Structure formats: structure tokens, C-alpha cells
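**Q** Starting from the given sequences, assemble the full structure and let the hints guide the process.
Number of protein chains: 2
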Amino acid sequence: MNKQATDITQIDKNFAAQKADENGFVYSNVQCAPFSLEGLPWFLENKQAFYRLPKSLTAKDVNEGALTLCNHTSGVCVRFRSDSPELMLRAKLAYGCDMNHMPRAGSCGFDSYRKLQGSELVYNKTLQPNPGQADACALIGINPEKRLCEWLINFPLYGGVESVEIGLKEGSSLLPPFSRKVEDPVLFYGSSITQGGCASRPGNAYTSMLCRKVDAPQINLGFSGSGRGEPAVARAIAGLKLSAFVMDYDHNAPSPEHLQNTHEVFFRIIRDALPELPVIFLSKCDFYGTEPDVRRRKIIHSTYENAVKAGDRNVYFVDGSILFGNKMRDACTVDGCHPNDLGFYRMYKHTLPILAQALKNAAERNRTQ
Amino acid sequence: MNKQATDITQIDKNFAAQKADENGFVYSNVQCAPFSLEGLPWFLENKQAFYRLPKSLTAKDVNEGALTLCNHTSGVCVRFRSDSPELMLRAKLAYGCDMNHMPRAGSCGFDSYRKLQGSELVYNKTLQPNPGQADACALIGINPEKRLCEWLINFPLYGGVESVEIGLKEGSSLLPPFSRKVEDPVLFYGSSITQGGCASRPGNAYTSMLCRKVDAPQINLGFSGSGRGEPAVARAIAGLKLSAFVMDYDHNAPSPEHLQNTHEVFFRIIRDALPELPVIFLSKCDFYGTEPDVRRRKIIHSTYENAVKAGDRNVYFVDGSILFGNKMRDACTVDGCHPNDLGFYRMYKHTLPILAQALKNAAERNRTQ
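Order-wise, the sequence lines are chains A and B.
So the first sequence is numbered by the working numbering: it starts at 228 and just counts up by one.
So the second sequence is numbered by the working numbering: it starts at 228 and just counts up by one.
Cut-off 30 Å, straight-line C-alpha distance, at most; resulting in silico cross-link-like pairs (DSS-like, lysine-lysine):
(1) A/K576 x B/K576
(2) A/K373 x B/K554
(3) B/K282 x B/K319
(4) A/K576 x A/K408
(5) A/K440 x B/K576
(6) A/K554 x B/K408
(7) A/K287 x A/K274
(8) B/K554 x A/K576
(9) A/K576 x B/K440
(10) B/K587 x A/K554
(11) B/K554 x A/K587
(12) B/K576 x A/K554
(13) B/K554 x A/K342
(14) A/K468 x A/K282
(15) A/K408 x B/K554
(16) A/K554 x B/K342
(17) B/K373 x A/K554
(18) A/K554 x B/K440
(19) A/K576 x A/K342
(20) A/K440 x B/K554
(21) B/K554 x A/K554
Among chain B residues calculated to face chain A with C-beta under 10 Å, some are:
(22) M326
(23) A332
(24) G333
(25) Y350
(26) N351
(27) K352
(28) T353
(29) N357
(30) K440
(31) K554
(32) F571
(33) Y575
Since the hints were made in silico from the structure, they are not lab data.
Predicted model, so just to flag it, every value in this text is computed and none were measured.
Each residue gets a CB set at the ideal place from its N, CA and C atoms; glycine is no exception.
**A** Pasting the structure below:
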């Protein structure tokens, strides 16, 4: 038996304390404590890959588009506390999408939020990659008063990462974040709009706005063009501990018939496993009143109605056609479909009361049970 | 004396009637009637170059940044009427900027608005160039009912064009647009924010939103990082016939001292030439309450106050710090400075009442004089 103390840094280099660089920053890998990495429920099962579904799912279970898009880090964020006056972010970027209708700041960039004691998370800085950039290293936060504060850093919406490190000024504190008000994640399943196309930066996707406001972790299973409602995805979701589930794949069902054949089935798989989980059904926000638009909304509403009729007290319906509001509704998208930051803000504003009520109702039921 | 009728198409190929292409579209150059090209007050003087200042101005008069940015077509649009069921746009793109914090749809793209009788202009389509694209040809409008309607097509905010043609289905009508409610242009002078950074598409810049709403032509003299308030620019503006002038270069004055030395001088040049022109002073929207921010606002307010004290009835002041509103103000920019579409919508919302009132007061004075 080897009596020497094991040097964990020889086995796992993530644990190695790094020396300060020439600018006085010490870098630490976000995969290790005290960082709290959110939005990757199968992270350990997937051997610490930044991948949004269980790697055990294959093209037999889920369309290949969704499996590829799993490499995008939409909804992923890291949280921690520090008093460092400046924060750097160093990352190896991968799978980036440079799209014509979305800035790289949103598709493959990061943004940060800072929370001072007694206040809310407030936007701080954006890291905006250049075309084709694979290695990023830039300032991601400023905290000139050197106050001990909580940080939340959002990952790319339409790109992925191989590694991410946070650089803090040598001698600064690095502590775990405070616990969330709502402990279990809100999970969103859906389309490109769910994934965050076309927010100008990650924190402005409607899913991120909602989770910041209700103070819950986010799991984003938005798969651009590829949210098809396969039962295997529903079974994966059904195995998680969640605070709420937002079902938002109307845009991506290839036809109303496809939606009809999958929507209630998808919901039932989750409901059977998680009878008390609040489930919010969204119909699509890019609603123009066409016959297929109306038919799709009716299908989604039927899933909701059938649940209510069966005595389900934990279902909610949001009519997507109201999400962009009335005033200058035509300013809400970049291309007639994908919300810009105005569209996402309005989606947030109209969905928040329902999500907040759903979480409140669930918490009250838990207390009285 | 030559008795043969002159064939204008031999002299100016812009007048040559083109044949329909394989898809049945006939293309016409927007530089010729019946198209109405707006936003280029020195177009003829500049020999039909898409350039936003008089070409007679040189680096002796204006900083070189602004002179280069003159090639960007911010604020330029073409208007016309047609009953074509589809519209194509064919353009030679030039001087494009591919920025990290702005989608190409906004920087070097076009968007279109359609007005059916009795209603307002409503967003229709976006042309979104690929990286480095020099020749663009894509659908820019759909009008499936084939109604005779008015079109407005916005040009790139951070890019330029060498030529633009509109393709209409063979046999469709092509007519001049209706006249504007407000005949003379509203001119905006300022910074990157004035130029439209970082709107997701041209029509979502705050200047475009305002001009659509009050139904006035727009002249955009926003020069990214280069709105320095030179007297030569003021003299050029002072030679135009305008309905209102929005002075918005706080962001770009290199220091409060520079602002102090140029702001009132700039205004006086214009006021001396155009004593009745409504002038709206804006202080910067990316206001964080720092000492320089406060000092700058005070300088701008002094220009306004001095004018009021001297009996000027045509000046207005907008405190930039209110432009992003209160609720989730931190969601209004992509990088802490440049508005996204939410920020631009709020700038529009808070500036509109002032601009509308200024135009109304001016119209009433004209009537009673």
C-alpha cells in the first residue's frame, strides 16, 4: 500500500492551483468547486462534456439536428462569489455559429451579471468573439469597489466550449454562490427561439431573463429547427428533479399533424413521472393568424384542456400570439420569426406572471402536503 | 443639328428598360424616377454617390473617421408604390462592417416596410448578407394579395452600396410614393448610437422608428465614434431645408471640455441660418451618473437654457438618462453602451412625444405667420 499522500493535481489537473499571470490574474476551471455550473443536468453522466442531453441518446432516439445542437451551451451559466476588482474569462470555443441575423456577442459570446448585497443581478460585461475565434481571453467583469459580490456568467447560445476558466486578481476571494430562491431548475424545451435566437447577448434570451427574475437555475433544451418532441427527450426530462417545465416546440413541429401526434404524448410521459410538476404550454410567438398557426395553437390548448378535465392542477397555457404585445409588434423580430431583444423582453414580460404563479402554487402545495 | 431623337439609354444606362430575368423579375435602378431616394441631401452635388456629407468637405474640415463613415448608408431609404406580389433587391455592397456586437442583418442588410391603404408602414422582410458578400440578390418583400401598396426599403446602417436595384414581377405597376405628412427631413447628428449601432435590422434604429411614426424623411449624420461637432458639419446642415434637427453627439465628444468648446458653437451656426427650425438636444443614453456624465449633460442643458433665455421658442431638451426607462434598464444594451432593439425602442418611445410636439408647434407657427 502506498503510504504517500495522493497528489490530486497529478490525477486531475483541474485541481492544480495556478500561478498568477503577468497581469496578476489567477485562473480556475469552472468545472471545479467552489464554482456552481448550472444548466447541464447530465454533466457527470456525460464525463464532464458541455453537452445538453444524455450522451446515451443516439440518432435512433432523437433527430441528428438536436444531437449536434447539444454541443451549444444555451442556458449554461457559472455562479460564484468573489471580491476581485476585475474578472477575466479564458475559454476554448467550439461549435460556434456565425449567423447573419444574430451578433456573435449572442451566438458565441458570454455575458456577466453582478449581484451586490440586497439587490438583484445587474448586467456587467459582454465577451464578444471575433469571426472564427477559438481561444478567447477577455475582461468579463468589473467590480471597482472590490465588494464581495455574487457573479453569474452566461455561456454562448449558439456555440459551445471545450473549457472555461475564470481569472481573479491574485489574493481575491473565491467562494460558492448563495443558494437559489427556487432550488430546482426550470426546464425549457423547444425551438431556436427557446435556444435564444436572436438575442444580442446570452442574458437577453427570454429563458435567461425569466430564470434571473424568479431566481431559479435554468435548463435550456431549445434546439434550433430541431425541437421535434421525441419521446426519448421526454423520458430524459422525466428523470430530472425540476421546479417547472416550459414546453415550447410549436415552431419546430414540421406540421400540425406532427404536433398532434407528439404533443400530448410528450406531456404524458413527463406528467406520469412527475405528477406535481408545474407545466406551462406555450404556443408560438411568431403567430400570424394563418390556418396552420390557429390549428397548432388549438392542438396545444387541447393538451392543456384534457389535463385540466382530468383534474390536473399543475398545468398552465400561454397563448403565444400575445407574447409580442400590441404596440409596434412588428419591431419584435429580426426576420419575421426570431425575436430580437425587444421581442424577448416582451416574451419575458408576458410569461413571467404565469411562471411566478406556477412556482408559488407549487410551493404552497408542498407546504400543505 | 442632329435631327435624330436622342436615345437617353445610350447616354444614361440607368434609363434602359431591362428585360425580365428567368424568374420573371424586371429590375430598375433606385436612382431613377419614379423611385424616391431619401437620406442623401447632397446626392446630386456628389454626382450620385451614396455618401452622406458633401464631397467638398475634406480632412481639413471634418475628422477622417466621419469622412470614411459617410460611405455607410445609415438613414437612406427608397420609397415607391407597386402591386408586385414579390419584390427582389439586387445590390452591390461596399464598405461593410462585420461587427461582433451587431448582426449583419443590421450592419450591412436591408429591411422593408409595406403600407396598405389606410394603415401604417408594417415590417415585411430582411435581406441578411453573408460574411464578405459583395453582390446581394434576394427577396425583400411579399405582397401576396397583389394590392397596390407603398414600400419603404431601408439601406445598411454600417455598410454602403455602389448600386441598388428593385426587381418587380413583369407587368406590375411602379409608381412614385405618396408625399410625406411632414415634407422636409428630420436630421439627426451624432454618434454610433445615432448611426444605428446595434439595431438588429435598419428599421429598428431609433431614428428610423421616429421618422416612420411622424412620417418624415430622415437624414442620418450619425458617425460611429466620430461625431465631433465640427463647424463645417454645422454649416453643411445649416444649408438644408429641414423640419427638425436632433443634436445627439454627447457620446462622441472626446471630453467634456471638447463638448463645452463645440456644442453651443455648433448649434449657433445652425440657428443663425435657420431661426425657426425645431432643435432637439439629446444628452447621452448610456448615462451612469459618473462625474463626466453629469458634466456633459449640464453642458448640453446650458446650450438649451441660453437659447430659451434669449427668447428661442424652437428648442427642446431630452435628458438622455431617462431614455432607457426604469424597468430592466440593464437589458437595453449589448455591451453597456450600444442599444439593442429594446434600447432603441425605448429611445424612440421617450423621444417621440418631444419630436411630435416640436413638429406640431412649428406647423402651427407656420400657419399663423
